[in-house]
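A.B. asks: Protein sequence lines, in the order shown, are assigned to chains E and D. Read in order, the letters of the first sequence correspond to residues 18 to 129 in this note's numbering. Read in order, the letters of the second sequence correspond to residues 0 to 110 in this note's numbering.
Hints in this document: simulated from the structure, not taken from any laboratory. Keep in mind it's a predicted model, so treat the numbers as computed, not measured. Worth double-checking, as some hints may not be accurate.
[Unchecked claim] Label pairs and their calculated CB-CB ranges:
id : chain 1 : residue 1 : chain 2 : residue 2 : range
1  : D       : GLU39     : E       : GLY44     : 20 to 28 Å
2  : E       : GLY44     : D       : LYS25     : 43 to 51 Å
3  : E       : SER94     : D       : LYS36     : 25 to 33 Å
4  : E       : THR20     : D       : GLN0      : 41 to 49 Å
5  : E       : GLN72     : D       : ASN64     : 30 to 38 Å
6  : D       : GLU15     : E       : GLN90     : 27 to 35 Å
7  : D       : ASN20     : E       : LEU99     : 29 to 37 Å
[Said to hold, decoys possible] Cβ-to-Cβ under 7 Å is the rule here; a few derived chain E residues that face chain D:
id : residue
8  : GLY60
9  : LEU61
10 : LEU107
11 : GLU117
12 : PHE120
13 : PRO122
14 : GLY123
Quick reminder that beta carbons are idealized off the backbone N, C-alpha and C, glycines included.
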Amino acid sequence: SQTIHQWPATLVQPVGSPLSLECTVEGTSNPNLYWYRQAAGRGLQLLFYSVGIGQISSEVPQNLSASRPQDRQFILSSKKLLLSDSGFYLCAWTPTSGYEQYFGPGTRLTVT
Amino acid sequence: QQPVQSPQAVILREGEDAVINCSSSKALYSVHWYRQKHGEAPVFLMILLKGGEQKGHEKISASFNEKKQQSSLYLTASQLSYSGTYFCGTEPPEAGNQFYFGTGTSLTVIP
């Protein structure tokens, strides 16, 4: 069976510090991978998606970046965090287009 | 590109019914429905791939009107466990593998 991992679960970082969130998927190959951000009490904002190694599409211009160094690994990064980067970050995968998305447990990021 | 859901919030008593609507300004390839409990990740409920398709999961069902570019989620005889925020999700055909979630509907079931 497939599982998706995200870490860390919670993170408190000062403004201007770097960020690295990792997501890995087990039990499948060549998944589509997604990063979402959810502000408190708000909806899910698509940040990045990837259909393969090294292939990243960005939805929103911002100070975040994503990388996919391996087939089942998706990393979200920032060189300098802003207060507005606070939120609940969710990684999701889908076997291919048109199929349901499976979400990881999420990382709750607070930028102080 | 984000679908719009209505209502934004609804409060029900146990046993009552509710309908949540999801409308898109773009043609839809598929419609997904998810439920998110407070502080948790969204959980998949069902997917509708064809226009006119209807699906059900326990007492929760959904319909998809491709021509009207909208979908509705029906919750029958609501239970306390139905509380949460419901999101529709769509994949516009021209958007490739992009996926957009709706604005969300907060559902609270009270005893």
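A.B. asks: Does the Cβ pair SER94(E), LYS36(D) satisfy 25 to 33 Å?
C.D. replies: holds (29 Å)
A.B. asks: Just tell me: holds or violated, for the beta carbon distance of GLU39(D) and GLY44(E) against 20 to 28 Å?
C.D. replies: holds (21 Å)
A.B. asks: For the hint on PHE120(E), does the least C-beta distance to chain D fall short of 7 Å?
C.D. replies: holds (4 Å)
A.B. asks: Hold the hint about LEU107(E) up to the distance rule: shortest CB distance to chain D must be less than 7 Å.
C.D. replies: Result: holds, 6 Å to nearest chain D Cβ.
A.B. asks: If you check the beta carbons of GLN72(E) and ASN64(D), does the distance land in 30 to 38 Å?
C.D. replies: holds (34 Å)
A.B. asks: Tell me if GLU117(E) is really an interface residue toward chain D, meaning its C-beta lies closer than 7 Å to one of theirs.
C.D. replies: holds (4 Å)
A.B. asks: Holds or violated: 43 to 51 Å for the Cβ distance of GLY44(E) and LYS25(D)?
C.D. replies: Given range 43 to 51 Å: violated, Cβ gap about 33 Å.
A.B. asks: Was the hint right that GLY123(E) lines chain D, CB cutoff 7 Å?
C.D. replies: Holds. Min distance 5 Å.
A.B. asks: Just to be sure I understand the hint, the distance between the Cβ atoms of ASN20(D) and LEU99(E) should be within 29 to 37 Å; is that true here?
C.D. replies: holds (35 Å)
A.B. asks: Tell me if the beta carbons of THR20(E) and GLN0(D) are separated by a distance inside 41 to 49 Å.
C.D. replies: violated (30 Å)
A.B. asks: Against chain D, run the beta carbon of PRO122(E) and see if the smallest gap drops under 7 Å.
C.D. replies: Result: holds, 6 Å to nearest chain D Cβ.
A.B. asks: Is the interface hint satisfied for GLY60(E)? The criterion is a beta-carbon contact with chain D at less than 7 Å.
C.D. replies: Hint on GLY60(E): holds, closest Cβ of chain D at ~5 Å, below 7 Å.
Consistency note: the structure conflicts with the earlier hints numbered 2, 4, 6.
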